[in-house]
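Engineer: Heads up: the protein sequence lines correspond to chains A and B, in order. For the first sequence, the residue numbers in this note's numbering are 30 to 344. For the second sequence, the residue numbers in this note's numbering are 30 to 344.
In case anyone wonders, no lab produced these hints; they're calculated from the structure.
Cβ pair distances, simulated, as ranges: (1) Ser151/A - Thr100/B: 17 to 27 Å; (2) Gln145/A - Met30/B: 43 to 53 Å; (3) Gly173/A - Thr245/B: 55 to 65 Å; (4) Gln145/A - Thr245/B: 55 to 65 Å; (5) Gln145/B - Ala298/A: 51 to 61 Å; (6) Ser194/A - Thr100/B: 38 to 48 Å.
Here are a few chain B residues that face chain A, going by a calculated C-beta distance under 8 Å: (7) Phe69; (8) Ile107; (9) Arg121.
Which chain A residues stay away from chain B? Per the calculated CB distances, all over 10 Å, these: (10) Met30; (11) Pro90; (12) Trp94; (13) Ala97; (14) Ser153; (15) Arg163; (16) Gly172; (17) Val182; (18) Arg184; (19) Ala206; (20) Gly229; (21) Ala298; (22) Ala301; (23) Glu303; (24) Asp323; (25) His339.
By construction, the Cβ of each residue, glycine as well, lies at the ideal position given by its N, Cα and C atoms.
Below are the chains, spelled out letter by letter.
2 protein chains.
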Amino acid sequence: MIATLAGGVGGARFLDGLVQANGAENVTAVVNTADDFELFGLRICPDLDTVLYTLAGLANPVLGWGIADDTRATLDGIAAFGEEPWFLLGDRDFATHILRTSWLREGALLSEVTDQFRRRLSVSTPVIPMTNDRVGTTIETPGGWIDFQDYFVRRRQQDDVIGVSFVGIEEAHPTPAALEAVQRAEMIVLAPSNPIVSIGPILAIDEFHRAISDRTAPAIASSPLIGGKALKGPADKMMETLGHESTAVGVARLYEGLIDGFVIDHVDAEQAAEIEELGIAVLVTDAIMHDIADRGRLAREVVAFGESLHVKASA
Amino acid sequence: MIATLAGGVGGARFLDGLVQANGAENVTAVVNTADDFELFGLRICPDLDTVLYTLAGLANPVLGWGIADDTRATLDGIAAFGEEPWFLLGDRDFATHILRTSWLREGALLSEVTDQFRRRLSVSTPVIPMTNDRVGTTIETPGGWIDFQDYFVRRRQQDDVIGVSFVGIEEAHPTPAALEAVQRAEMIVLAPSNPIVSIGPILAIDEFHRAISDRTAPAIASSPLIGGKALKGPADKMMETLGHESTAVGVARLYEGLIDGFVIDHVDAEQAAEIEELGIAVLVTDAIMHDIADRGRLAREVVAFGESLHVKASA
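This is chain A alone, in the form it adopts within the complex (with noise of 0.2 Å):
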């Protein structure tokens, strides 16, 4: 069994080379939930959303979120309210949400919710919230803190990330299921999502930090940086802006100790040298998935690379 720790639209599409490559029941998802939010009432799980509809074959196919061919009829009516449709929410997409919300208020477990809606979208492969706590995401600014999805969605990613807070973090809890999906894992896979605010809010979760650094089972990542550049959102300008070296390199750091494998590009090959330096083995390889096939190809790769590798004494 693999344990993928997972954010939204990079880690959704290479869960799904992992469910073609090894087999749905054979992939388990633990997904970052520090971006989850609250919007017109309703509680808002983007990258749970993102990886339930990519797995269950419903996703948006161009913008990699949402539901494809959805409509927004529900939100231009509460634009026409004059509330400010800031985060595109589809009328399919509105559903979910609607009935999380409901579920939630009646009390059950986010993780209880999210296996519902796993079941009703025929998705055989687990997909776990990292947690079952309220954890938020703010970003510091040159102007100030605001909330992730404001500098994200709302203001676009367009200021300098200075600093990064996961606010609840401290006492979250790992959803027993994922906790243990990590600790029982053959492999565990970090995938190409952003480090900071998708990877990042898991493994700062202690039960999963330490788990993942005590393991005895081989730990791989995906870059999720290809010549220096993201292929989607923001991680290079903020790994850049918070210190980092915005690099296949400068992500490998922030997963030492943490990982005994990592899956570069080949634009990146000259960084192979000093990342092994870091005691991390390197696969490079085309590391994009460029179409819905592709994604299993690059699956099959990384899984692969990390049957081959040895897992390092921990520190």
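Since chain A is already given, all that's left is putting chain B on it; use the hints.
Structural biologist: Relative to the frame of chain A, chain B by itself:
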């Protein structure tokens, strides 16, 4: 100023006529909330919404409720998740329920929320929920007690109604602005809504009953039964199974002591004498609103009739 007690579709159309006849600012709508309920965690207020949508010119012209040309992708999404879509909600309509629920949870009163919608829909007529307290309607059928919307929508009014209970009505108090509108009105009008489940709950709130019993302004009702039949909804059948006469006279008896005049249709002209024996003046006219313009005609006749009446001494 005319204070109007109203339920859903029939009441909303009649209110529209009063607005046409008297000007938007000269009419206040006091609207039933006893059939409000929660669905998918959202607060639905069918009568308030029908009144607002109708006065805003947005209502579905055929159904009378919902928004014209609305789509139903969100409800389809909810159904795709396996939930029964027994209560039809359009996408634009969902916007109302989402925002209302959100504002109520933030602590706003229903009257404040309703006034927000009124202003955002550019409706000039004050539209006031009868109460800010939660009241529910339950229906006794031969099979037992069921929730009103279960009876009304899900089971399509197929059950005999042998009892009606307004849960919470004893503890409910009028919205201050609604009570004041009734107390200060130059005329009180009971719309041709269901006398049992639409007008009934308003009159079941003690302060409203007393204010109308003690009125100094004339009070008029327009019969919702014409030729013994309700133009819409189950009022006729409900009257019968509850032991009332399913006629204009039967409705007049329910309103005895609370109205000075009653408007009935030509087909019921022979009942005029019996109604007058109750101490209620009668106007016989065409009591059907045949189209949108015709709503104004009926309203003008009702208002002129009211202006011609002296208020009887209250009991």
